[in-house]
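Undergrad: Take the two lone chains and join them into the complex the hints point to.
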Amino acid sequence: MRLILIGFGNLGRGLARALIEKGNFIREKYSLAPSVVAVADEHGAAIDVRGLSLEKLLEVSEKKGSVAYYPSFGSEGKSSLEVIEEVDADVVFELTPTNIVSGEPGLSHIKKAITSGKHVVTSNKGPLVVAFRELDNMAKKRGVQFRYSASVGGSVPVIGLAQRLLAGNTIYSIRGVLNGTTNYILTRMEKEAAPFDVVLREAQEMGIAEKDPTLDVDGIDTACKTVILANAILGVDKKLSDVSPVGIRQIRPEAIRLAREAGYTIKLIGVAKRDSLEVGPRLVPIGHPLAVWGTLNAVTFEMDLAREITITGFGAGPRETSSALLSDLIDIHRSVGE
Amino acid sequence: MLVRVEMELEDVPGQLVKALDPISRFGGNIQNVVHERDKKTPLGRVPVTVVFDVDERARFDKIMSALREMGVRVTRVGEMGAGLKSTVLMVGHIIHTDIRDTIDRLNSLEGVRVLDLSLAMGAVGEESTARMVIVTEDEDRARAALSLLTEIASQKKLLLIKSLEETR
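Protein chains in written order, with the working numbering: chain A, 1 to 338; chain B, 1 to 168.
Since the hints were derived computationally from the structure, they do not count as laboratory data.
Just so we're clear, the structure is a prediction, and the values are computed from it rather than from any experiment.
Backbone N, C-alpha and C fix where the C-beta goes; we use that ideal spot for every residue, glycine too.
You may find that some hints are simply not true.
[Unchecked claim] Simulated DEER-style distance windows between Cβ atoms:
hint, chain 1, residue 1, chain 2, residue 2, range
1, A, Arg201, B, His93, 24 to 34 Å
2, A, Gln163, B, Gly122, 44 to 54 Å
3, A, Asp242, B, Glu165, 15 to 25 Å
4, B, His93, A, Val101, 29 to 39 Å
5, B, Leu119, A, Lys64, 39 to 49 Å
6, B, His93, A, Ala193, 49 to 59 Å
7, B, Leu115, A, Ala193, 18 to 28 Å
8, B, Leu16, A, Ala306, 45 to 55 Å
9, B, Gly122, A, Glu202, 19 to 29 Å
Chain B extracted, bound-state conformation (with noise of 0.2 Å):
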């Protein structure tokens, strides 16, 4: 689980590394500090943000337990929308059938988003091809997702190539 954890510490030298120590020592993998000096709280502390991924439940409990113990002022917890993503391939006259419309419709689902689009495009009058990474927030989304995306390219004479995970 992807998890983001708020919290304040002391604004002297070695407070961030000492806080962020158990997190790595516990198997957290850190993706993300965000440590706002200038920010500072009335009594004097900085906020900091640590996004990190933890693959159990008790060892997020060790983490946050020696958070505490060192007396880290911890001012929030959340787990992040862990979020699935879809990577697609599209070959076919993609700009032409208006990619803009095909982005838009899987937009305009619930909980679905296009997160990244590549393009190769062919020789004049050719093929071309998008890669298209899709996320959603969960299992039932991404199927939903993917069947509206099959829709639009029998509809746009695309060939959809799905990923393999895609197929279970």
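Pulled out of the complex, with its shape left as it was, chain A reads as follows (with noise of 0.2 Å):
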């Protein structure tokens, strides 16, 4: 399968070295064999139609900021659309940054990949947030396989599970911790006693928050990903208008405590039903399923047959999230039987 890849930031490069790292164990396991055929940054693209090197491509972007500079096939100045309507591929892979206001530019790319005919693996919630139920109609209508597996979750199967292995259900509601950087600052505060501020600034040493903490910290990562979920899981078409996320930022020490005392620990939580969603802290029974720490997230499907059903996992990090974008293309080779 010819792959091209939109964005050669750290989730692309955890692609890339996952491909690397499970190339000949995809090859055997599912005679699957990926070859890149372009990888597009900011800055321009590399095109070669019999497949580019993977660690060449690492080594260019680390060492020259960009993989305009690949050495023979390096184009400054390519645009993306270009390459995905020039170059004639299997997969395009949207791993640009999250938009959550226009979705761009991964909705263009997107768009631009599925009216070229070709199949398209994404991370990105912009698109998603933004126009779900059109790319999800486009894909259909034009006959490709749309995936989203990495927006939510990281590394853990929750569209899959819901769509696929749990297609027998009528499914009422989801809830679940979605962003582990909140779930690692209220873990913290817990442990710690330590107020709100403090924990914060520790997260961002660390690199678990980004320096501007907003998306997560006021609970939009979170409604970003209950929005994708309910469109995805639930058939909905919502938007992230359609959701008003409490977030942490007023969450003290004695909070915590209090909660702790009766049994329960503070989480903020996504809540997604047809008629409704909803972010915000809740106090969650201790031992509960979605009672899960540090940088963990964890969901909760209610459904008629199945009843109760919680999946937890590493929601953050390149190489969790490689996990889900490989999985989304083993998928895609096996749908399409190529």
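TA: Spelled out as structure tokens, the structure:
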């Protein structure tokens, strides 16, 4: 299968490393031989229809700052949209940074990939919270696969579990701890009885929280994921503007102590139901499967036949996320039988 | 279900232990026993009230027939209003926004009662946290209480942290 990678930041490089590490494994196990024929970043692109060297791509982008300096096959200023349109390939990986307001540039990339008949795998929440239904319908109409497992839960196969393995169930609600950063902060606040600001600073120093932590601590990232789960699993047509998230800035150590005394812990929870989306801190009984610690994510499905199922794992990180990206690729390979 | 059984026992040693035996033997979880020796009946029997929790009707029936077979005189049986407990936290200027008014407004709903309130004061001028346990007679009333509390919290600019059970 010929792949195009759009975006070569942490996630793109993580995928490249996973393709190197697991290349033989997926060739032997799934008779799938992925070949990266083009990679584009914000400065340009590298294109070779016979397949680029993943090692060289990593080296060039880390040393020189862009894949455009790839020897012989690099081209500075080549745009992502041109690459998607012009290069003959089977699958486009859309791995650019998330913009939750416009969905761009990911939205245009995905549309271009679909209209040019290529399957799409993305980790980008922006397009999914702005135009999920539109993209899903476009892909169905054009007969291409559209996969976004990596957008929610990182390595935790939340979407695949619900869409495929629980296919016989009517799912009533999805509740989850969907953001590792806030879960880490709440966990540290609980263990150390430390105030929010202090723990946030510690998390920023450790690289767990970003310099501008707004998206995480104000519940916006959790809201994005809740919207994606509602759209992908409950079949609704929701946008980010349908949620009014409440974050964790106002949580104080005393609140956590009072919760603890009554047998609860405080978690930032996203709840998706057909008629409502909620994001905010909730009291979770200690011992409940959603009472997970540190940077863990966890999602509980409530449904008719299987009743309740919870899945837990590591949400963040390029290596963890590459697990979801590779699974989507292998799944497309199986579905289309190429 | 939580049941309350009133009975009369003969005033001879060992009667109370004998009467309690079938309750635990058939899976009842005894919560409270009141043995009122100073309120003997005209026939010289001692009134005893036992409150216990039992999870199935069938077990309850077994307990009752065992008691009757033993000759225990059961005078009254009743299921106690089970009562749903909802725990919530509130963060904000709890005192300055009149916590008493918050409680009164909740208590004014039929079948709703604020059972417990714990307060952790913040430093001067800072926000405080309150934990409240509200008991309601059934789920509809629990929903009504929480929706009123949500309204109050938004009026008083308090952060309301509901429990996960309330998000089903």
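Undergrad: Give a verdict on every hint.
TA: Hints versus structure:
no.: 1; hint: Arg201(A) / His93(B): 24 to 34 Å; in the structure: holds, 26 Å
no.: 2; hint: Gln163(A) / Gly122(B): 44 to 54 Å; in the structure: holds, 45 Å
no.: 3; hint: Asp242(A) / Glu165(B): 15 to 25 Å; in the structure: holds, 24 Å
no.: 4; hint: His93(B) / Val101(A): 29 to 39 Å; in the structure: holds, 33 Å
no.: 5; hint: Leu119(B) / Lys64(A): 39 to 49 Å; in the structure: violated, 60 Å
no.: 6; hint: His93(B) / Ala193(A): 49 to 59 Å; in the structure: violated, 22 Å
no.: 7; hint: Leu115(B) / Ala193(A): 18 to 28 Å; in the structure: holds, 27 Å
no.: 8; hint: Leu16(B) / Ala306(A): 45 to 55 Å; in the structure: holds, 47 Å
no.: 9; hint: Gly122(B) / Glu202(A): 19 to 29 Å; in the structure: holds, 22 Å
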